[in-house]
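*Asks:* Sequence:
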Amino acid sequence: MTRWQRAVCAAVLPALLAATAAAKPFIFYRGVVNAASFAPQGLPNGAVARGSIFTLFGRGLGPAEPATVSAFPLQDSLAGVSIEVCQAGACKAAIPLFVLDRQINAILPSDAPLGRVALRVTFGEEAGNWVPVTVVESSVGLFAVNSAGSGPGITQNFVSQTDQPLNSRRLAARPGQIVTLWGTGLGAGLNADRDAPQPGDLPADVEIYVGGKAVSRRLYAGRSPCCSGVDQLVFEVPADAPLGCYTPVQVRTRGGIVSNAVSMAVSADGSACRDAFNPLVDSLAAGRRTGLLLAQRFDIRLDVDPDPAEPFVTEIALGLLAQSAPSDYFHNQLVLPPAGSCTTQALRGDLFRGRGPNPVAGQPLDAGSELRLSVGGRTVSLTPGPFPQLYAARLSSAAQVASKALLTPGATVSLSATGGPDVTNLSAELTAAAGLNWTSRDELTQVTPGQPLALAWQGGEAGGYAVLWGESYAVSHDASGRFLCLVDAAAGGFTVPGFVTAQLPPTAGRLWTLDAWIALGSLPVAASPASADGLDAAGALFGAWQANSVQVREAADE
Numbered sequence: 031m032t033r034w035q036r037a038v039c040a041a042v043l044p045a046l047l048a049a050t051a052a053a054k055p056f057i058f059y060r061g062v063v064n065a066a067s068f069a070p071q072g073l074p075n076g077a078v079a080r081g082s083i084f085t086l087f088g089r090g091l092g093p094a095e096p097a098t099v100s101a102f103p104l105q106d107s108l109a110g111v112s113i114e115v116c117q118a119g120a121c122k123a124a125i126p127l128f129v130l131d132r133q134i135n136a137i138l139p140s141d142a143p144l145g146r147v148a149l150r151v152t153f154g155e156e157a158g159n160w161v162p163v164t165v166v167e168s169s170v171g172l173f174a175v176n177s178a179g180s181g182p183g184i185t186q187n188f189v190s191q192t193d194q195p196l197n198s199r200r201l202a203a204r205p206g207q208i209v210t211l212w213g214t215g216l217g218a219g220l221n222a223d224r225d226a227p228q229p230g231d232l233p234a235d236v237e238i239y240v241g242g243k244a245v246s247r248r249l250y251a252g253r254s255p256c257c258s259g260v261d262q263l264v265f266e267v268p269a270d271a272p273l274g275c276y277t278p279v280q281v282r283t284r285g286g287i288v289s290n291a292v293s294m295a296v297s298a299d300g301s302a303c304r305d306a307f308n309p310l311v312d313s314l315a316a317g318r319r320t321g322l323l324l325a326q327r328f329d330i331r332l333d334v335d336p337d338p339a340e341p342f343v344t345e346i347a348l349g350l351l352a353q354s355a356p357s358d359y360f361h362n363q364l365v366l367p368p369a370g371s372c373t374t375q376a377l378r379g380d381l382f383r384g385r386g387p388n389p390v391a392g393q394p395l396d397a398g399s400e401l402r403l404s405v406g407g408r409t410v411s412l413t414p415g416p417f418p419q420l421y422a423a424r425l426s427s428a429a430q431v432a433s434k435a436l437l438t439p440g441a442t443v444s445l446s447a448t449g450g451p452d453v454t455n456l457s458a459e460l461t462a463a464a465g466l467n468w469t470s471r472d473e474l475t476q477v478t479p480g481q482p483l484a485l486a487w488q489g490g491e492a493g494g495y496a497v498l499w500g501e502s503y504a505v506s507h508d509a510s511g512r513f514l515c516l517v518d519a520a521a522g523g524f525t526v527p528g529f530v531t532a533q534l535p536p537t538a539g540r541l542w543t544l545d546a547w548i549a550l551g552s553l554p555v556a557a558s559p560a561s562a563d564g565l566d567a568a569g570a571l572f573g574a575w576q577a578n579s580v581q582v583r584e585a586a587d588e
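Residue 31 is where the sequence shown starts when you use our numbering, and the numbers rise one by one after that.
Any given hint might turn out to be false.
To be verified - Beta-carbon label-pair distances, calculated as ranges:
{"hint": "1", "residue 1": "383", "residue 2": "59", "range": "50 to 58 Å"}
{"hint": "2", "residue 1": "159", "residue 2": "566", "range": "49 to 57 Å"}
{"hint": "3", "residue 1": "559", "residue 2": "584", "range": "46 to 54 Å"}
{"hint": "4", "residue 1": "473", "residue 2": "306", "range": "28 to 36 Å"}
{"hint": "5", "residue 1": "244", "residue 2": "341", "range": "37 to 45 Å"}
{"hint": "6", "residue 1": "339", "residue 2": "143", "range": "43 to 51 Å"}
{"hint": "7", "residue 1": "121", "residue 2": "318", "range": "21 to 29 Å"}
{"hint": "8", "residue 1": "154", "residue 2": "399", "range": "33 to 41 Å"}
{"hint": "9", "residue 1": "427", "residue 2": "143", "range": "48 to 56 Å"}
{"hint": "10", "residue 1": "225", "residue 2": "318", "range": "28 to 36 Å"}
Treat the hints as calculated values from the structure; they're not laboratory data.
Predicted, not measured: the structure shown is a model, and the values here were computed from it.
Glycine residues also receive a C-beta, built at the ideal position from the N, C-alpha and C atoms.
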């Protein structure tokens, strides 16, 4: 194994170990996931592939102190922990790699039966509960630096055989450069899972997309020689890959299953990347004290009952004040992909009615008990919550009566705060924009996962951006899928690729309940200036959104 293979193994293995006794082992409900993507069970990429590394979460699964394999051949038991995978009375043994009372990482046998199986853990003499798991031939999960399946991926830039650094904001790849992407789930190995992996391409019909551009030159797609269950994808970055710090990377394999999206940095010459379309991200990534003020108007058509679609307008304002740890791998929920590309995300829970992930992690900055937004002769208080870095307020919410809206086109919006211990004299001003004219809006009531989705519009600020946002919630699996695309507004339209819509789980068709939408938004080319004592950088953005509730249905259900 080369020095660089050892270095990347050192980066991959913590991702497998990051999430973390006398009772019987108990696997949590839907507690078995791909060890790289953590995609929730029931989502389109939530199954576990033959020969892949999977993670089990629960309690009493193993010893109080972690145990890890250290040499080949691997065994069916580790520190008294074993795992059965059964179907129709026939059982196979999974191979444990890491065991702890709260978590196990293991290899699913390459000859595990396909389809629905039952899985249980035995620790010592105690056998635990059976849980259902779906096994497929291939379903790739891509490892990420955050050990949670999102943000910058574990990707090496090939410079030479002895120089293959991890891709980062500071060390970007260039179009035409060879890179190595790390994951798990390509499928059954070429030799026994317990032995050191035999190199060679696996027959997974691999397609790789970088910023939506298909990879035409793939050099390798198979097991890493270092680690059973760990896969390498070696390819050339497409010449037309969009440049940016968060260019999305996705992998599709046989059966149309699409991986989680991770990102890689791409620049024209391989130097540090730049993102003009990601306001204030450079400041956050550098560990500077940063503020971002957002005012947003949503024009929503709710078609959730037998009556005609109901127009609904709601307006919100957010103040995000934080200082993140400086990192070449910085990422948060507000990061946008480069123009012309789409990223995706799979999450547990109902994002329409529950609390989503924290948009800006990091040390919160205290600007006092409230921020004040003034528009049209009214003043509204933004108060802390639901996250410590966030101030928020709903400005208006009215069915059918758009005249109650405050953020009407052309309105001047002012934000201010006298301040607190960290931030004082906060001041910002922006102008509410009209947004885009969504010309294809009336036609959109249903989305088919895995099929392209075309949207068309008119208008938009010169140099500004259109943002396409799709989201759906699968009530039967209590999980959500999301995509986000950034497009130059002047393009007048965009087709969301099928490998992106594939991440939307089918909806249940419930009456009077919003379970999925497609939204079209507009963002200015740059943030409006803001100022405050105690901040190194600050800006304000206005977003105008139109959203349609939709049904998400498989092609066979239409």
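*Asks:* Each hint needs a verdict: does it hold in this structure or not?
*Replies:* Hint check:
Restraint check, residue 383 to residue 59: a C-beta distance of roughly 20 Å breaks the suggested window 50 to 58 Å. Distance hint check: the CB atoms of residue 159 and residue 566 are about 51 Å apart, consistent with the given range 49 to 57 Å. Checked against the hint of 46 to 54 Å, the pair residue 559 and residue 584 passes, with Cβ atoms roughly 48 Å apart. A C-beta distance of roughly 33 Å is found between residue 473 and residue 306, which places it inside the suggested range of 28 to 36 Å.
In this structure the supplied range 37 to 45 Å holds for residue 244 paired with residue 341, their Cβ-Cβ distance being about 39 Å. At about 46 Å, the CB distance of residue 339 to residue 143 agrees with the hint of 43 to 51 Å. Between residue 121 and residue 318 the CB atoms are about 55 Å apart, so this pair departs from the stated range of 21 to 29 Å. Distance hint check for residue 154 and residue 399: the Cβ-Cβ separation is about 54 Å, which falls outside the suggested range of 33 to 41 Å.
For the pair residue 427 and residue 143, the beta carbons lie near 51 Å from each other, so the given range of 48 to 56 Å is met. The supplied range of 28 to 36 Å is broken by residue 225 and residue 318, whose beta-carbon atoms lie about 50 Å from each other.
Taken one by one, the earlier hints fail for this structure at numbers 1, 7, 8, 10, listed in ascending order.
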